[in-house]
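In order, the protein sequences belong to chains Y and Z. 1 is the number of the first residue of the first sequence in this note's numbering; add one for each residue after it. 1 is the number of the first residue of the second sequence in this note's numbering; add one for each residue after it.
Honestly, the hints are just simulated from the structure, not real lab data. Keep in mind it's a predicted model, so treat the numbers as computed, not measured. Among the hints, erroneous ones may be present.
Claimed, not checked - Derived Cβ-Cβ restraints for the label pairs, each shown as a range: (1) Z:P406 with Y:E26: 55 to 63 Å; (2) Z:S308 with Y:G59: 48 to 56 Å; (3) Z:K329 with Y:Y73: 34 to 42 Å; (4) Y:E26 with Z:T294: 46 to 54 Å; (5) Z:T294 with Y:N71: 37 to 45 Å; (6) Z:D341 with Y:P74: 30 to 38 Å; (7) Y:E26 with Z:V284: 47 to 55 Å; (8) Y:G59 with Z:N232: 44 to 52 Å; (9) Z:D392 with Y:G59: 40 to 48 Å; (10) Y:N71 with Z:Q332: 29 to 37 Å; (11) Y:K58 with Z:Q325: 13 to 21 Å; (12) Z:R380 with Y:Y73: 27 to 35 Å.
Stated by the list, open to error - Here chain Z is said to cover these stretches of chain Y; the calculated rule only asks that three of the stretch's residues, wherever they fall, bring their Cβ under 8 Å from a Cβ of chain Z: (13) 7–20; (14) 103–110.
Stated by the list, open to error - Derived lysine to aspartate or glutamate pairs resembling EDC-like cross-links, with alpha carbons at most 20 Å apart: (15) Y:K107 with Z:E272; (16) Y:K20 with Z:D276; (17) Y:K109 with Z:E235; (18) Z:K136 with Z:D97; (19) Z:K72 with Z:E4; (20) Y:K109 with Y:D17; (21) Y:K121 with Y:D49; (22) Z:K281 with Y:D17; (23) Y:K13 with Z:E291; (24) Y:K20 with Z:E272; (25) Z:K316 with Z:D443; (26) Z:K329 with Y:D11; (27) Y:K20 with Z:E282; (28) Z:K91 with Z:D44; (29) Y:K109 with Z:D276; (30) Y:K13 with Z:E295; (31) Z:K441 with Z:D392; (32) Y:K20 with Z:E273; (33) Y:K13 with Y:E37; (34) Y:K13 with Z:E336; (35) Y:K112 with Z:E273; (36) Z:K441 with Z:E235; (37) Y:K107 with Z:E157; (38) Y:K56 with Z:E452; (39) Z:K146 with Z:E114; (40) Y:K112 with Z:E95.
Cβ coordinates follow ideal geometry from the N, Cα and C atoms, glycine included.
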Amino acid sequence: MNQYRVMVIDDEKIVCDMAKMSLEHEGYIVETFLNAEPALARLKAERFDVVVTDYKMKGIDGMDVLRDVKNLYPGTDVIMITAFANLDTAIEALRGKVHDFFPKPVKIKALKTSIQRALSKKK
Amino acid sequence: MKIERKIILYNIFNVALILLIGFFAFQNLNLMLTKLKFVEIADDMNTAFLEMRLSEKNYFLYNDRTALDEIKEKIDQTTASIEQVKADIVKAIGETDINTLKSHLNRYSALIGEVRQNGNNRDVQMGLRLRDAGKKLREFSESMTKLERKRVNEIIEVSKKILFSSFWVVLAFAIAVSHFISQRILKSLRKIETLAASITEGKFATIQGIRSKDEFDSVISAINTMSEELRNREEQIIQSKKLASLGILTAGVAHELTNPINNISMIAQAYEELYDKLSRKERVEFMNKVEGETERMRSIVKNLLDFSRPKKADMKEADINVVMQKAFKLVQNMLEVSNVDAKLNLMDGLNHVFIDEDQIKQVLVNLITNAVQAMHGGGRLFISTRTGKNKDSVEITVRDTGKGIPPEFLPHVFDPFFTTKGEGGTGLGLSVSYGIIKNHKGDIRVESWIGEGTTFTIELPVYTEAGDALIHEGVK
Numbered sequence: 001m002n003q004y005r006v007m008v009i010d011d012e013k014i015v016c017d018m019a020k021m022s023l024e025h026e027g028y029i030v031e032t033f034l035n036a037e038p039a040l041a042r043l044k045a046e047r048f049d050v051v052v053t054d055y056k057m058k059g060i061d062g063m064d065v066l067r068d069v070k071n072l073y074p075g076t077d078v079i080m081i082t083a084f085a086n087l088d089t090a091i092e093a094l095r096g097k098v099h100d101f102f103p104k105p106v107k108i109k110a111l112k113t114s115i116q117r118a119l120s121k122k123k
Numbered sequence: 001m002k003i004e005r006k007i008i009l010y011n012i013f014n015v016a017l018i019l020l021i022g023f024f025a026f027q028n029l030n031l032m033l034t035k036l037k038f039v040e041i042a043d044d045m046n047t048a049f050l051e052m053r054l055s056e057k058n059y060f061l062y063n064d065r066t067a068l069d070e071i072k073e074k075i076d077q078t079t080a081s082i083e084q085v086k087a088d089i090v091k092a093i094g095e096t097d098i099n100t101l102k103s104h105l106n107r108y109s110a111l112i113g114e115v116r117q118n119g120n121n122r123d124v125q126m127g128l129r130l131r132d133a134g135k136k137l138r139e140f141s142e143s144m145t146k147l148e149r150k151r152v153n154e155i156i157e158v159s160k161k162i163l164f165s166s167f168w169v170v171l172a173f174a175i176a177v178s179h180f181i182s183q184r185i186l187k188s189l190r191k192i193e194t195l196a197a198s199i200t201e202g203k204f205a206t207i208q209g210i211r212s213k214d215e216f217d218s219v220i221s222a223i224n225t226m227s228e229e230l231r232n233r234e235e236q237i238i239q240s241k242k243l244a245s246l247g248i249l250t251a252g253v254a255h256e257l258t259n260p261i262n263n264i265s266m267i268a269q270a271y272e273e274l275y276d277k278l279s280r281k282e283r284v285e286f287m288n289k290v291e292g293e294t295e296r297m298r299s300i301v302k303n304l305l306d307f308s309r310p311k312k313a314d315m316k317e318a319d320i321n322v323v324m325q326k327a328f329k330l331v332q333n334m335l336e337v338s339n340v341d342a343k344l345n346l347m348d349g350l351n352h353v354f355i356d357e358d359q360i361k362q363v364l365v366n367l368i369t370n371a372v373q374a375m376h377g378g379g380r381l382f383i384s385t386r387t388g389k390n391k392d393s394v395e396i397t398v399r400d401t402g403k404g405i406p407p408e409f410l411p412h413v414f415d416p417f418f419t420t421k422g423e424g425g426t427g428l429g430l431s432v433s434y435g436i437i438k439n440h441k442g443d444i445r446v447e448s449w450i451g452e453g454t455t456f457t458i459e460l461p462v463y464t465e466a467g468d469a470l471i472h473e474g475v476k
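Generate coordinates for the entire structure from the input sequences, incorporating the hints supplied.
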């Protein structure tokens with residue numbers, strides 16, 4: 001049983017709930033947030049191993065989250081989820097040193113594989 | 001009747017009138033000539049009768065028998081000349097008078113014959129009878145002449161009067177007819193002018209109840225056809241503009257649909273993965289979530305379809321705030337995607353308006369999408385309703401914090417095909433919105449400050465029973 005900490009930020013409650021249930025089933029410690037502000041506050045208090053965030057959100061968006069996470073914990077990987085499957089956002093995300101990029105609808109298995117790959121780098 | 005035919009008819013009538021007057025004048029002139037001819041003949045006769053009487057006197061005074069022969073000769077001459085011009089005389093004085101004259105002459109002639117045979121100048125009785133007959137003949141002849149002279153004068157007087165009054169009749173008739181025709185022309189022109197003015201204002205009315213089948217009838221029906229055609233075109237433009245707005249809305253709608261699709265997909269994946277671990281209650285909860293998400297999708301699609309469907313203008317009493325909320329729902333996602341922070345500030349208890357809800361929604365969506373396009377990278381949008389300044393209207397404002405419209409462009413923003421968006425704009429959005437608001441007897445205006453933003457203000461008249469009829473007329 002690994003005890004890695006994963007944070008999920010998405011303004012859709014179902015995304016948070018499903019990701020949490022599925023990841024917890026794998027043994028991860030999961031915390032979910034419906035918007036970025038409390039999530040970033042929580043990150044300041046505690047380090048997470050992987051942050052999964054929605055790209056497009058009201059107020060602070062996914063790119064802001066990526067920048068703040070990298071400032072706080074350069075070793076923490078960020079996985080981006082977005083409804084916009086366009087090249088521009090993908091390039092923007094990759095330039096910002098995002099670990100992976102998932103267009104909606106998200107394949108949970110692929111997301112888990114991506115999280116595992118991110119964590120295996122650390123070992 | 002055609003105006004051309006009216007003028008021709010009028011001219012024919014006038015010519016006929018003049019011919020009639022001419023005919024009467026000619027008749028009078030002829031009569032006058034006959035009378036004058038008779039007067040001339042009568043003058044000759046009078047002279048002859050006078051000479052006869054002189055000879056008669058010679059006979060009685062000097063017993064000059066040759067005088068009687070002279071009288072006989074004169075009588076024969078006069079009788080012959082009367083017979084010669086009898087037709088003219090009959091025409092002038094009639095059969096009765098000429099017979100009377102002839103009988104006077106015959107009597108005189110008979111007496112002369114008697115005197116010549118067996119009379120002498122001392123026969124007083126005979127003398128008296130002859131003198132009496134001669135006098136009567138002369139008097140009758142002279143009174144005839146006098147009477148005919150008088151008649152000639154009368155005819156001249158009558159002719160003068162006829163000519164004078166027919167001049168006035170013809171003049172009055174000409175004035176009346178030209179006034180009538182020009183009034184008809186002016187009336188038709190005024191109708192056309194009013195229609196042209198209403199077309200300029202974008203109200204494509206038609207002229208009803210054309211009675212005259214003249215040239216204006218065809219002009220008016222041509223303009224009516226044009227107006228109807230313009231109205232159809234306007235409806236097409238409104239629809240095409242709606243479809244264009246739909247293109248802009250689609251980006252927002254796509255995003256809006258992606259989320260419930262993603263949710264359903266994730267629920268399905270988690271359900272499959274965790275099936276054995278889920279309680280019956282949890283499974284039901286999962287399925288309820290799926291149902292909730294499909295409901296969400298259905299309402300998104302329905303909203304969009306409602307907006308895109310072409311509809312005939314349908315004026316109804318409505319609460320503008322409800323319409324504002326419906327329009328806002330359509331654009332909400334586009335606003336989120338475009339990072340626009342929108343504030344809806346609707347005044348409670350507003351008077352109702354009389355509108356085509358679909359068209360007003362279209363205007364609002366159009367103004368909001370314009371605002372979003374003016375705010376690259378996001379901004380703030382203030383949408384509000386309140387009672388108009390004069391209380392008889394409702395005011396809607398859409399204010400953005402975009403780049404603003406340069407002052408030199410402001411007067412043209414409602415012109416068709418005017419656009420500041422380059423290739424991206426058709427330049428029809430605001431012109432269509434303007435047309436819609438004008439059709440609602442409302443007003444739309446714009447204020448803008450470079451770098452600060454733009455405010456569009458719409459005023460719609462408050463619903464009243466009377467106003468309802470007024471707008472119906474305008475829209476029809």
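The hints, checked one at a time:
1. Z:P406 with Y:E26: 55 to 63 Å: holds, 59 Å
2. Z:S308 with Y:G59: 48 to 56 Å: violated, 32 Å
3. Z:K329 with Y:Y73: 34 to 42 Å: holds, 40 Å
4. Y:E26 with Z:T294: 46 to 54 Å: violated, 29 Å
5. Z:T294 with Y:N71: 37 to 45 Å: Because 41 Å falls inside the window, the suggested range holds.
6. Z:D341 with Y:P74: 30 to 38 Å: holds, 32 Å
7. Y:E26 with Z:V284: 47 to 55 Å: violated, 25 Å
8. Y:G59 with Z:N232: 44 to 52 Å: holds, 48 Å
9. Z:D392 with Y:G59: 40 to 48 Å: holds, 42 Å
10. Y:N71 with Z:Q332: 29 to 37 Å: holds, 33 Å
11. Y:K58 with Z:Q325: 13 to 21 Å: Since K58 (chain Y) and Q325 (chain Z) have Cβ atoms about 20 Å apart, the given range 13 to 21 Å holds.
12. Z:R380 with Y:Y73: 27 to 35 Å: holds, 34 Å
13. 7–20: holds (count 5)
14. 103–110: Holds: 6 residues of the region 103–110 of chain Y have a Cβ under 8 Å from chain Z.
15. Y:K107 with Z:E272: Since the Cα atoms of K107 (chain Y) and E272 (chain Z) sit roughly 13 Å apart, the hinted pair holds (cutoff 20 Å).
16. Y:K20 with Z:D276: Distance ~17 Å between K20 (chain Y) and D276 (chain Z) Cα, so the pair holds.
17. Y:K109 with Z:E235: Answer violated: K109 (chain Y) to E235 (chain Z) is near 52 Å, above 20 Å.
18. Z:K136 with Z:D97: holds, 14 Å
19. Z:K72 with Z:E4: violated, 73 Å
20. Y:K109 with Y:D17: Given pair K109 (chain Y), D17 (chain Y) holds - Cα atoms ~16 Å apart, limit 20 Å.
21. Y:K121 with Y:D49: The given pair, whose Cα atoms are some 11 Å apart, holds under the 20 Å limit.
22. Z:K281 with Y:D17: holds, 16 Å
23. Y:K13 with Z:E291: holds, 15 Å
24. Y:K20 with Z:E272: Distance of about 15 Å is within 20 Å: holds.
25. Z:K316 with Z:D443: holds, 18 Å
26. Z:K329 with Y:D11: holds, 18 Å
27. Y:K20 with Z:E282: Given that 20 Å is the threshold and the Cα spacing comes to 15 Å, the pair holds.
28. Z:K91 with Z:D44: Holds, at about 18 Å.
29. Y:K109 with Z:D276: Satisfied, since the Cα-Cα distance of roughly 17 Å is no more than 20 Å.
30. Y:K13 with Z:E295: Holds, at roughly 16 Å.
31. Z:K441 with Z:D392: holds, 12 Å
32. Y:K20 with Z:E273: Holds. K20 (chain Y) to E273 (chain Z) sits at ~13 Å (cutoff 20 Å).
33. Y:K13 with Y:E37: holds, 16 Å
34. Y:K13 with Z:E336: holds, 17 Å
35. Y:K112 with Z:E273: At roughly 12 Å apart (the allowed maximum being 20 Å), E273 (chain Z) and K112 (chain Y) satisfy the hint.
36. Z:K441 with Z:E235: holds, 17 Å
37. Y:K107 with Z:E157: Given pair K107 (chain Y), E157 (chain Z) is violated - Cα atoms ~121 Å apart, limit 20 Å.
38. Y:K56 with Z:E452: violated, 26 Å
39. Z:K146 with Z:E114: violated, 31 Å
40. Y:K112 with Z:E95: Violated, at roughly 143 Å.
Of the hints listed earlier, those the structure fails to meet are numbers 2, 4, 7, 17, 19, 37, 38, 39, 40, in rising order.
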